[in-house]
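> Sequence:
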Amino acid sequence: MKIKDLFLTQEDFEIIETEIPGILQTVPLPQDLGRYYESKDYISHHQDSGSLKEKLYKFLQIFNLSYKKHILADFIGKGKTVLDYGCGAGEFVKFIEKDFKVLGFEPNESARTAAKNKISKSKIIDSLTTIENQSLDAITLWHVFEHIDNQSDILQTFYNKLKDNGLLIIAVPNHTSDDAKRYKEFWAAYDVPRHVYHFSKSGMEKLMNNENWKLKKIKPLLLDSFYISMLSEKYKKSRLFWLKGMFYGMISNIKASKNGEFSSLIYIIEKK
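By our numbering, the letter at position 59 of the sequence shown is numbered 60, and the numbering carries on one by one without gaps.
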């Protein structure tokens, strides 16, 4: 399928299936991938303007952060050591640092600076070399894994850094969801070329059940279908894109409640 970078450059790319059925890859992958992130709208530094839109965003953000925190607490318990890989501006690190020992990894300098200014006691790093092997109870990647090119290498690094039976928690978009099928090349969560890989539920199940990892649980990110559908409608230049997006996001979640194919899924994976 041919996909256009609707967010930034309008360049054309293609997504093709990898050797693992259900996992797709963006081609060609640009050598200078960093320039496709060069937009003030991409890094999630939301300023508090006091507007109704900003207040709604903050409310939904807290709902999402609470949901993620409860998943973490349910599976590893409070007080454990957590690495938030690709922590961005540090919202999740800030939200959980009272209950966990937290490290945040962020390669983007601007986002890393914003995170450091936001947190009170956690540490934000730009390299994993300082983390001892078998020292982490959990590693979280909230919509980060799809951006990583060298996935086999980073999975091995995660394996080394986690304690025995430590958890890897990965949230990624699901390209076999109802909203993905509805919007096709306009589906905002393809986000080429920034999203290097694209995962189906069955593809992730194949990837993360092997001699190193055991997939324990899959949970939905319920709000993602609404946001992705609204942005997809906007890319289609629809009138009342927000209203149509809310409607079709709801439809996607209703259908997913029967087949498990939510717009974004969280995979809780245990180190063997």
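Treat the hints as calculated values from the structure; they're not laboratory data.
A quick note: this is a predicted structure, and the numbers were derived from the prediction, not measured.
Hints may contain errors.
[Said to hold, decoys possible] Derived DSS-like pairs (lysine-lysine); straight-line CA-CA distance at most 30 angstroms:
#, residue 1, residue 2
1, K3, K59
2, K81, K41
3, K220, K182
4, K119, K41
5, K164, K99
6, K162, K185
7, K99, K218
8, K217, K162
9, K102, K119
10, K79, K218
11, K5, K238
12, K202, K273
13, K95, K41
14, K81, K164
[Stated by the list, open to error] Simulated restraints on C-beta separations:
#, residue 1, residue 2, range
15, I252, Y58, 17 to 25 angstroms
16, K99, D13, 30 to 38 angstroms
17, S128, K256, 26 to 34 angstroms
C-beta: ideal position from N, C-alpha, C; glycine also.
> Indicate, hint by hint, whether the structure satisfies it.
Going down the list of hints, with the structure as the test:
1. For the given pair, K3 sits about 35 angstroms from K59 by alpha-carbon distance, which is inconsistent with the 30 angstroms threshold.
2. Only pairs whose Cα atoms come within 30 angstroms are accepted, and K81 paired with K41 is rejected, the gap being roughly 34 angstroms.
3. Between K220 and K182, the direct Cα distance comes to roughly 20 angstroms. Compliance with the 30 angstroms bound is thereby established for this hinted pair.
4. Pair hint K119 plus K41 holds up; C-alpha atoms about 18 angstroms apart against a cutoff of 30 angstroms.
5. Proximity of K164 to K99 is assessed by CA-CA distance (about 22 angstroms); at most 30 angstroms being required, the pair is judged to hold.
6. Between K162 and K185 the CA atoms are separated by roughly 38 angstroms; this puts the pair beyond 30 angstroms, and the hint is violated.
7. Taking the CA atoms of K99 and K218, the gap is near 26 angstroms; set against the 30 angstroms cutoff, the hint holds.
8. Of the supplied pair hints, the one linking K217 and K162 holds, its CA atoms being roughly 19 angstroms apart against a limit of 30 angstroms.
9. Between the alpha carbons of K102 and K119 the distance comes to roughly 16 angstroms, so the proposed pair stays at or under 30 angstroms and holds.
10. Straight-line distance between C-alpha atoms of K79 and K218 comes to about 19 angstroms, which keeps the hinted pair within the 30 angstroms bound.
11. Proximity of K5 to K238 is assessed by CA-CA distance (about 14 angstroms); at most 30 angstroms being required, the pair is judged to hold.
12. As the CA atoms of K202 and K273 are separated by approximately 21 angstroms, the hinted pair is consistent with the 30 angstroms bound.
13. Distance hint between K95 and K41 is fulfilled; the C-alpha atoms sit about 21 angstroms from each other, no more than 30 angstroms.
14. Annotation: proposed proximity of K81 to K164 holds, straight-line Cα distance about 11 angstroms (limit 30 angstroms).
15. Distance hint for I252 and Y58: a CB-CB separation of about 23 angstroms, consistent with the stated range 17 to 25 angstroms.
16. Here the CB-CB span from K99 to D13 is close to 46 angstroms, at odds with the stated 30 to 38 angstroms.
17. At roughly 42 angstroms, the beta carbons of S128 and K256 sit outside the given window of 26 to 34 angstroms.
Hint compliance for this structure: hints 1, 2, 6, 16 and 17 are broken, all remaining hints hold.
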